[in-house]
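Asker: Sequence:
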Amino acid sequence: MTPIPVNPPSLPTPSGYSHGTLSGNTLHLGGQTALDEHLRIVPGGIVEQFRQAFGNVLTTLRAAGGIPEDLVSITLFLTDIPDYQAHGKEIGKVWRELAGPVYPAMAGIGTTALWQPEAMIEILGVAVIPDERLVRPQG
Numbered sequence: 001m002t003p004i005p006v007n008p009p010s011l012p013t014p015s016g017y018s019h020g021t022l023s024g025n026t027l028h029l030g031g032q033t034a035l036d037e038h039l040r041i042v043p044g045g046i047v048e049q050f051r052q053a054f055g056n057v058l059t060t061l062r063a064a065g066g067i068p069e070d071l072v073s074i075t076l077f078l079t080d081i082p083d084y085q086a087h088g089k090e091i092g093k094v095w096r097e098l099a100g101p102v103y104p105a106m107a108g109i110g111t112t113a114l115w116q117p118e119a120m121i122e123i124l125g126v127a128v129i130p131d132e133r134l135v136r137p138q139g
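Taking the UniProt record's numbering, the leading residue of the sequence shown gets 1, the next gets one more, and so forth.
Hints listed in this document are in silico derivations from the structure and should not be mistaken for laboratory results. Honestly, I wouldn't trust all of these hints.
SDA-like, lysine to any residue: derived pairs with alpha carbons at most 20 Å apart [as the list claims (entries may be wrong)]: (1) Lys93 with Gly108; (2) Lys89 with Thr79; (3) Lys93 with Gly45.
Cβ-Cβ distance ranges computed for the label pairs, FRET-style [as the list claims (entries may be wrong)]: (4) Ala86 with Asp36: 17 to 27 Å; (5) Val102 with Met1: 37 to 47 Å; (6) Thr2 with Gly44: 34 to 44 Å; (7) Thr2 with Ala86: 39 to 49 Å; (8) Arg96 with Pro3: 26 to 36 Å; (9) Glu118 with Thr75: 33 to 43 Å; (10) Pro9 with Lys89: 29 to 39 Å; (11) Met1 with Pro82: 23 to 33 Å; (12) Pro130 with Arg40: 19 to 29 Å; (13) Thr26 with Tyr103: 12 to 22 Å; (14) Val102 with Pro8: 15 to 25 Å; (15) Asp131 with Lys89: 17 to 27 Å; (16) Leu98 with Pro9: 15 to 25 Å; (17) Pro137 with Gly45: 16 to 26 Å.
Glycine is no exception: its CB is placed at the ideal position from the N, C-alpha and C atoms.
Use the sequences and the hints to build the structure in full.
Answerer: So this is what it looks like as structure tokens:
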């Protein structure tokens, strides 16, 4: 089975990577930072960056026909774990606003830096999308 790239037109055009890769019914969601449509990291701190980064993940998920309930795993890479923990309730509220009360397996990993120096968070994940909703992007 040949993996199919999933690159929603509303996200920055990838170069040297894909926003997602579909293999069968499994969608591997590439790491998303808080890049906006102007290729800038959104300002305002960890809550705003979480909102943008997770929104980017969900955009890729939806491009393949998925919904938040299809997420089976999420990994958060964080440059400041205490800051994330201090804003946990606000981040949880954003999660529920964007994804509802669905919580897949998760890991939070501290790191010293991300690809964009101003990025505080990068989110990647895995989803399994049922056949009846699966969209196989062309090209």
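Asker: I'd like to know which numbered hints this structure contradicts. Please list them from smallest to largest.
Answerer: Numbers 5, 9, 11, 12, 15 and 17 - these are the hints that the structure violates, sorted from lowest upward.
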